[in-house]
Amino acid sequence: MTEPTPPVSATRPHSYTMHGITIDDPWAWLKDPNYPDVTDKDILAYLEEENAYFEAQMAPHRPLVDRLYEEMKGRIKEDESSVPQKDGDHLYWTAFETGGQYRKWWRKPVAGGPDELLLDEPALAEGKEYFRLGAFSISNDASKLAYAIDDNGSERFTIHVKDLTTGALLPDTIPGMLSEIVWTADDSGFLYGLANKEWRTDNARFHRLGTDPAEDVELYHEDDEGYRVAVGETSDRKWMVIGTGDHVTSEIRLLPASDPFVEPILIAPRQPGREYDVDTHDDTLFIHTNDTDPMWRLVTAPISAPGEWTERIAPSPHFYTTGVECFRDFFIVEGREDGLDQIEIHAYDPASPPRRIAFPEASYAAGLGDNPEYEQTVLRLGYESMVTPSTVYDYDTATGELTTLKVQEIPSGYDATKYDTQRLKIAARDGTEVPVSIVYPRDFPRDGSRPLFLYAYGAYGHAIPPGFSTGILSLLDRGFAYAIAHIRGGDDLGQQWYHDGKLEKRTNTFNDFVDVAKGLIEQRWTSAGRIAIAGRSAGGELMGAVVNSDPQLWGAVIADVPFVDVLNTMLDETLPLTPGEWPEWGNPIEDKAAFELIRSYSPYDNVKAQNYPSLFISGGLNDPRVTYWEPAKWAAKLRATKTDDNVLLLKTNMGAGHGGKSGRFESLREAAEEHAFVLWQLGVEA
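Reminder that position 593 of the sequence shown reads as 593 in my numbering, one-by-one numbering, no gaps.
Calculated directly from the structure, the hints in this document are not laboratory data.
This structure is a prediction, so every number in the text was calculated from the model and none was measured.
Idealized CB from N, CA, C, for every residue including glycine.
It is possible that some hints are incorrect.
[Said to hold, decoys possible] List of simulated lysine-lysine pairs, DSBU-like, C-alpha gap at most 35 Å: (1) Lys108 / Lys86; (2) Lys197 / Lys238; (3) Lys162 / Lys238; (4) Lys77 / Lys144; (5) Lys162 / Lys86; (6) Lys197 / Lys104.
[To be verified] Label pairs and their in silico Cβ distance ranges: (7) Leu170 / Phe665: 26 to 36 Å; (8) Ala95 / Asp338: 36 to 46 Å; (9) Asp66 / Gly655: 14 to 24 Å.
Using the sequences provided together with the hints, build the complete structure.
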């Protein structure tokens with residue numbers, strides 16, 4: 001049987017000069033000038049050729065993909081449903097039916113009565129290649145539902161409104177929305193935000209039910225193209241929130257839910273580098289802010305004088321405060337102490353000491369669940385660890401009793417005693433200790449012989465919790481260890497941990513990942529060439545950087561929707577996200593130092609003639625976050641430049657966006673493909 005021939009992309013001369021430096025980019029033609037409409041026949045033909053090559057290479061491994069898929073599917077309860085939660089006069093929950101890709105949304109009266117189907121996602125998704133539910137908002141009087149759907153992966157949602165008393169859709173339909181939906185107190189209409197032509201939400205608008213959306217009133221407009229506008233509400237639902245900001249600065253306004261047309265209350269004018277968020281209790285603002293310290297603090301202020309801040313909880317060097325939520329009788333502080341999730345209950349009386357909820361394991365992920373009522377006295381919590389399936393608790397704030405409501409069911413069986421988990425610390429090259437969460441079979445030999453799967457993200461201050469994954473069990477049961485590197489760029493150890501992996505310190509992220517891998521090899525968890533690595537989006541940028549710098553360490557690489565054409569993207573201010581990304585990466589248009597730094601690590605720009613590990617690269621044709629041409633250009637350049645014969649696959653989802661295929665089973669199949677690739681490339685008995 002003849003081996004499939006890898007596609008060879010055409011090259012077309014293209015260059016540009018910036019800061020006196022000329023950049024050649026012969027694969028620039030893969031960016032369709034009509035984007036987001038991709039109609040260029042040469043581009044589509046190349047992507048289809050790559051997809052055909054992907055299918056041909058994977059064909060002999062389809063039995064393994066099918067086997068992994070059935071294993072993963074067997075660990076999912078097909079008729080899964082959430083624990084009902086009370087909100088007003090109803091209990092609300094979601095449920096999948098056996099074989100269902102999408103959930104249904106239900107409620108029933110607390111006083112008793114029949115179940116009522118609110119939204120039927122399977123029916124809405126029928127016949128569509130892609131479907132995603134965005135905002136979902138029940139009116140205060142529980143008689144109407146406003147929801148938003150995206151049916152192509154572009155993240156341009158359309159709002160619909162359903163009358164829950166009749167089941168009929170109202171004529172109110174609003175396309176191009178990108179926000180939450182917040183009802184006014186009298187349910188006469190709602191607040192939302194439209195995406196502009198650059199796919200940026202620069203506004204907050206009010207829609208009155210029964211009127212033409214063209215007549216909707218813009219209540220706020222943001223003029224800074226780097227800022228995005230979001231809408232929300234306070235816990236007591238008395239105030240509508242309009243927030244604007246970028247990755248480092250925020251500014252918040254409050255509108256009375258009873259009258260959205262009055263002059264909004266500005267909490268504090270934007271100050272570069274200062275972030276804050278707000279909740280309310282009676283006439284007091286509770287403001288969570290990083291104004292004095294990257295571990296954040298809590299201040300209060302009268303609503304009548306929002307600028308008069310009084311410190312309520314000072315910043316702590318060990319406790320990173322991640323959020324504050326107010327309830328009628330207490331407020332909750334969530335955070336991480338030395339990287340581990342904590343939940344604290346605080347009385348409004350400052351003299352009363354806080355109570356911390358105790359959890360049973362040394363490494364875990366925990367947080368508040370769905371707690372919609374301001375009068376809540378029993379808190380819904382979520383908990384899991386790398387060996388403990390997702391667990392839903394109710395915590396009685398009066399007695400301190402923790403009641404287990406539900407433990408994730410693994411229909412095919414799961415025995416936690418077969419696995420162990422540890423939290424390690426591995427020194428990076430500058431001496432910084434990087435936490436690593438690892439799970440492995442209990443009989444795992446520490447002799448360097450076994451394969452290891454290493455995952456990380458490392459950007460935007462996004463922490464990766466040490467949670468439970470049914471998919472990873474397929475690797476553990478084949479002798480792998482699975483590790484998460486909590487590298488700088490995330491905020492796993494506080495906001496300074498994030499700052500130490502961005503802008504001029506960006507290369508710390510890549511170095512941390514490589515040094516964690518080397519540390520795991522030194523500790524005999526695995527050996528060079530026996531490590532599979534994976535990252536998505538900005539984590540895909542990480543993959544691109546480390547295969548350029550240390551290709552010999554990796555045996556297989558999964559780069560999903562990878563942000564690899566960093567320099568070109570940051571130079572293109574017409575792209576949807578670029579201006580808002582400059583605080584994260586730097587502005588190479590105006591800043592020569594930022595240009596040179598990004599150019600020094602941008603994965604696409606640093607592909608060189610050397611051996612590369614096996615690569616599985618994915619993209620989405622409709623992806624507005626990492627545009628399809630980034631993975632396509634990277635794959636084409638790698639094919640033309642690398643000196644090895646290792647497998648390189650590029651798979652472009654032609655009907656999906658940043659999240660890959662929709663539907664719980666379709667996404668499982670994609671995971672099964674990736675795991676099959678890893679097993680194939682590492683030569684592990686399947």
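Status of each hint after checking the structure:
no. : hint                        : in the structure
1   : Lys108 / Lys86              : holds (10 Å)
2   : Lys197 / Lys238             : holds (33 Å)
3   : Lys162 / Lys238             : holds (24 Å)
4   : Lys77 / Lys144              : holds (31 Å)
5   : Lys162 / Lys86              : holds (21 Å)
6   : Lys197 / Lys104             : holds (32 Å)
7   : Leu170 / Phe665: 26 to 36 Å : holds (32 Å)
8   : Ala95 / Asp338: 36 to 46 Å  : holds (38 Å)
9   : Asp66 / Gly655: 14 to 24 Å  : holds (22 Å)
Figure legend: structure checked against the earlier numbered hints; every hint is met.
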